[in-house]
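**Q** Sequence:
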Amino acid sequence: MKFTLSWLKEHLKTDASLNDITEALTDLGLEVEGVENPLDKLENFTVGYVSNAEKHPDADKLRVCKVDTDEGELQIICGAPNAREGIYVVVAKPGVYVPGLDITIGVGKIRGIESFGMMASEREMELSDEHDGIIELDGNPAVGSKFVDYLKKNRPESVDPIIEIAITPNRPDALGVRGIARDLAARGVGELINRDTVPQIDEKFTSNLEVSIDSDTLDGCPLFVGREIKGVKNGPSPDWLQAALRAIGLRPISLLVDITNYYTYDRNRPLHVFDMDKVSGNLRIHKAEGGETITALDDKEYVLQKDMMIISDDNGVESIAGIMGGLDTGCDESTINVFVESAYWDPTKIAITGRKLKINSDARYRFERGVDPLFTINGCDHAVTLIQKYGGGEASALVKAGAVPDVSRSYTLDTNRIESLVGMEISSENQIKYLTDLGFIIEGDQAQVPSWRPDILGSADLVEEVARIASLTKLVGVPLPQLAEGVPKPILTPMQRREAMARRTIAALGYNECVTYSFIDKKSADLFGGGADDVMIGNPISSEMSHMRPSLLPGLLQAVQRNQARGVMDLALFEVGPVFHGGEPEEQELLASGLLVGHTGPRDAFGVRRPVDAFDAKADAEAVLSAIGAPDKLMVLRGAKSW
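As numbered in the working numbering, the sequence shown has no gaps in its residue numbers, which increase by one up to the final residue, 637.
It cannot be assumed that every hint is accurate.
[Said to hold, decoys possible] Heads up, simulated PhoX-like pairs for lysine-lysine below, C-alpha to C-alpha not over 25 Å straight-line:
#1 Lys(-4) <-> Lys49
#2 Lys7 <-> Lys60
#3 Lys3 <-> Lys427
#4 Lys300 <-> Lys281
#5 Lys383 <-> Lys272
#6 Lys224 <-> Lys394
#7 Lys3 <-> Lys49
#8 Lys7 <-> Lys146
#9 Lys55 <-> Lys3
#10 Lys55 <-> Lys87
#11 Lys224 <-> Lys294
#12 Lys394 <-> Lys198
#13 Lys272 <-> Lys294
#14 Lys612 <-> Lys635
#15 Lys35 <-> Lys146
#16 Lys49 <-> Lys35
#17 Lys147 <-> Lys7
#18 Lys147 <-> Lys35
#19 Lys627 <-> Lys612
#20 Lys140 <-> Lys60
#21 Lys147 <-> Lys3
#22 Lys87 <-> Lys140
#23 Lys468 <-> Lys517
#24 Lys281 <-> Lys198
#25 Lys87 <-> Lys103
#26 Lys87 <-> Lys60
#27 Lys198 <-> Lys227
#28 Lys281 <-> Lys294
#29 Lys7 <-> Lys517
#30 Lys517 <-> Lys635
#31 Lys427 <-> Lys468
#32 Lys7 <-> Lys(-4)
#33 Lys281 <-> Lys352
#34 Lys146 <-> Lys87
#35 Lys272 <-> Lys198
#36 Lys516 <-> Lys635
#37 Lys383 <-> Lys294
FYI, nobody ran anything at the bench for these hints, they're computed from the structure.
Kindly produce the complete structure, drawing on both the sequences and the hints.
**A** This is the structure we're talking about:
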């Protein structure tokens, strides 16, 4: 989210420095990702005066200029058509970096004549796209003075710092400059300027356009409003609006488009404008049947899938609801009659459609996170007012379908609980003030949530808001109470001691320990008395890991198979781990299992190499039982499991 400092000050009355504002934003949870100050890249440009300009002897379009600067007279060769004697210009002396050209100026020869710098155009300084000539400064500025000082006085919007912040998904209100200003005002960085006045539209006529929402689409579009404007002039937008959009990386297009883009960033209120002369019949909001096509404003054709929300007229689909309008009813320089649309779209449905169509628009980005449903009508009227101010025209009465959704809710505010959870002493008066400044309405112990905060879903969120505004940087660390001096010696349970002893004993007998997955396939589980539904994994990562193991042997046998496939034929493997006979804790056991395969060892001078047998396994088992504390006299009972 990008915005300029002057744009922020349209909503926030503050004398705070840029550094104080950015620090407060990050502390509030609106992390500042970068600050671009145009003054930094223009700092070394100075004002010069062209005292003489003569035609280059070897080039018709070049002029050899004598330019007065703070370092005396410099000879500069220039090809701009307006380079002439008697004008004040912007000079880049040798060694100055020119951002628009991405070069550092040096001394050079042009057609045999030396040039000691350059006179810059607006595009070369990234002030605008204007490049038809060099900048001519008005008002007789002092020769040698810094160009940034001239800009501060005469074109302050050109040196407006640009702030970029990262918006987390739970803060859609901060996708508008108004929401950012509200947070800063609550922190005490400034005072929120009252701009909540509802515009009064002079309704000259009733539009013939009718809008309907299908009954099965009301859950996705509960409200759709708009106004028709006749006789509007869709020319260039005013300079201040173009400068604001250009500063945040948007290209000014026309009055209608620029105003809708402005309110998208100013109030987090996406809008759309239809050219009424291209709309056939009435507008209908409904679900797609599947297979319809639309050429959107990005000049790409999209095939719609079933149940995607769309806006249609008699000619067919004219807009992908909440994501992007259609090219057929889009506005151009010849547009004179328009319909300004403002609607509330369900975030989930917009997100699903956007992902399927792979469209990433500013409208989708905001609607899928949540916009203020109560600002739907006012947002339309704000835009209509601005369109009439700069483009003229007569507005109709409001065209409306559906109703404003009820998002009102309130939660209990326990001021004592906030202090215990946050760990800071915050007075109840301050807690109420913080929430009130954020737009909450406090009635008794209930806090009514503002309509622009869909992320507030319980009393715990009230705690978070208070802590956020109070600043968690003030939180003082308190050590946990210590019941005894020093660190207590760790104590192992009897089961943990037996497990460790079993591991050490089996390893001492010459076995290699294995660690296998607790998940096995159903076929293997069935072979070892498992495979029941109560030990089946709900979302297995593969069919070979669908059940919890009833025994350690399946994993050990697979380990034997893998080793023998690689030529290792004599093996002694063991594992200590849990097995599962059901879904309850008491149906889980900790077992130690081992396998002997092949021969006792290689033939040598000290022993005979022989195949291992059941007596080897029995001797090892008795050794392990003895080590973990089993009685000396044991009885092996019949009745083992069938496998």
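**Q** Each hint needs a verdict: does it hold in this structure or not?
**A** Okay, the hints, checked on the actual structure:
1. For the suggested pair Lys(-4) and Lys49, the alpha carbons sit about 46 Å apart, so the restraint of at most 25 Å is broken.
2. A distance of roughly 47 Å separates the Cα atoms of Lys7 and Lys60; the hinted pair therefore is violated under the 25 Å criterion.
3. Between the alpha carbons of Lys3 and Lys427 the distance comes to roughly 22 Å, so the proposed pair stays at or under 25 Å and holds.
4. Annotation: proposed proximity of Lys300 to Lys281 holds, straight-line Cα distance about 7 Å (limit 25 Å).
5. With a CA separation close to 24 Å, the supplied pair Lys383 and Lys272 stays within the 25 Å bound.
6. Note on Lys224 and Lys394: the hinted pairing holds, with a Cα-Cα distance of about 18 Å set against a maximum of 25 Å.
7. With a C-alpha separation of about 48 Å, the suggested pairing of Lys3 with Lys49 is violated against the 25 Å cut-off.
8. With a C-alpha separation of about 20 Å, the suggested pair Lys7 and Lys146 falls inside the 25 Å cut-off, and the hint holds.
9. Distance hint between Lys55 and Lys3 is unfulfilled; the C-alpha atoms sit about 46 Å from each other, more than 25 Å.
10. A threshold of 25 Å between alpha carbons decides the hint, and for Lys55 with Lys87 the separation of about 22 Å falls inside it, so the pair holds.
11. This hinted pair does not check out: Lys224 and Lys294 have alpha carbons roughly 29 Å apart, beyond 25 Å.
12. With a CA separation close to 17 Å, the supplied pair Lys394 and Lys198 stays within the 25 Å bound.
13. This hinted pair checks out: Lys272 and Lys294 have alpha carbons roughly 19 Å apart, not beyond 25 Å.
14. Distance hint between Lys612 and Lys635 is fulfilled; the C-alpha atoms sit about 18 Å from each other, no more than 25 Å.
15. Straight-line distance between C-alpha atoms of Lys35 and Lys146 comes to about 14 Å, which keeps the hinted pair within the 25 Å bound.
16. Of the supplied pair hints, the one linking Lys49 and Lys35 is violated, its CA atoms being roughly 32 Å apart against a limit of 25 Å.
17. Between the alpha carbons of Lys147 and Lys7 the distance comes to roughly 21 Å, so the proposed pair stays at or under 25 Å and holds.
18. Proximity of Lys147 to Lys35 is assessed by CA-CA distance (about 18 Å); at most 25 Å being required, the pair is judged to hold.
19. Of the supplied pair hints, the one linking Lys627 and Lys612 holds, its CA atoms being roughly 14 Å apart against a limit of 25 Å.
20. A threshold of 25 Å between alpha carbons decides the hint, and for Lys140 with Lys60 the separation of about 19 Å falls inside it, so the pair holds.
21. Between the alpha carbons of Lys147 and Lys3 the distance comes to roughly 18 Å, so the proposed pair stays at or under 25 Å and holds.
22. Restraint check for Lys87 and Lys140: satisfied, since their Cα atoms lie roughly 12 Å apart, inside the 25 Å limit.
23. Of the supplied pair hints, the one linking Lys468 and Lys517 is violated, its CA atoms being roughly 60 Å apart against a limit of 25 Å.
24. Restraint check for Lys281 and Lys198: not satisfied, since their Cα atoms lie roughly 33 Å apart, outside the 25 Å limit.
25. In summary, the hint linking Lys87 to Lys103 is supported, as the alpha carbons are separated by about 15 Å, within the 25 Å threshold.
26. Of the supplied pair hints, the one linking Lys87 and Lys60 holds, its CA atoms being roughly 13 Å apart against a limit of 25 Å.
27. Simply put, Lys198 and Lys227 have alpha-carbon atoms about 17 Å apart, close enough for the 25 Å limit, and the pair holds.
28. Pair hint Lys281 plus Lys294 holds up; C-alpha atoms about 21 Å apart against a cutoff of 25 Å.
29. Only pairs whose Cα atoms come within 25 Å are accepted, and Lys7 paired with Lys517 is rejected, the gap being roughly 72 Å.
30. Proximity of Lys517 to Lys635 is assessed by CA-CA distance (about 17 Å); at most 25 Å being required, the pair is judged to hold.
31. This hinted pair checks out: Lys427 and Lys468 have alpha carbons roughly 18 Å apart, not beyond 25 Å.
32. For the hint linking Lys7 to Lys(-4), the alpha-carbon distance of about 19 Å falls within 25 Å, and the restraint holds.
33. As the CA atoms of Lys281 and Lys352 are separated by approximately 18 Å, the hinted pair is consistent with the 25 Å bound.
34. Straight-line distance between C-alpha atoms of Lys146 and Lys87 comes to about 21 Å, which keeps the hinted pair within the 25 Å bound.
35. Among the hinted pairs, Lys272 with Lys198 is consistent with the structure: their alpha-carbon atoms are about 22 Å apart, no more than 25 Å.
36. Proximity of Lys516 to Lys635 is assessed by CA-CA distance (about 18 Å); at most 25 Å being required, the pair is judged to hold.
37. Among the hinted pairs, Lys383 with Lys294 is inconsistent with the structure: their alpha-carbon atoms are about 33 Å apart, more than 25 Å.
Of the numbered hints listed earlier, those contradicted by the structure are 1, 2, 7, 9, 11, 16, 23, 24, 29, 37.
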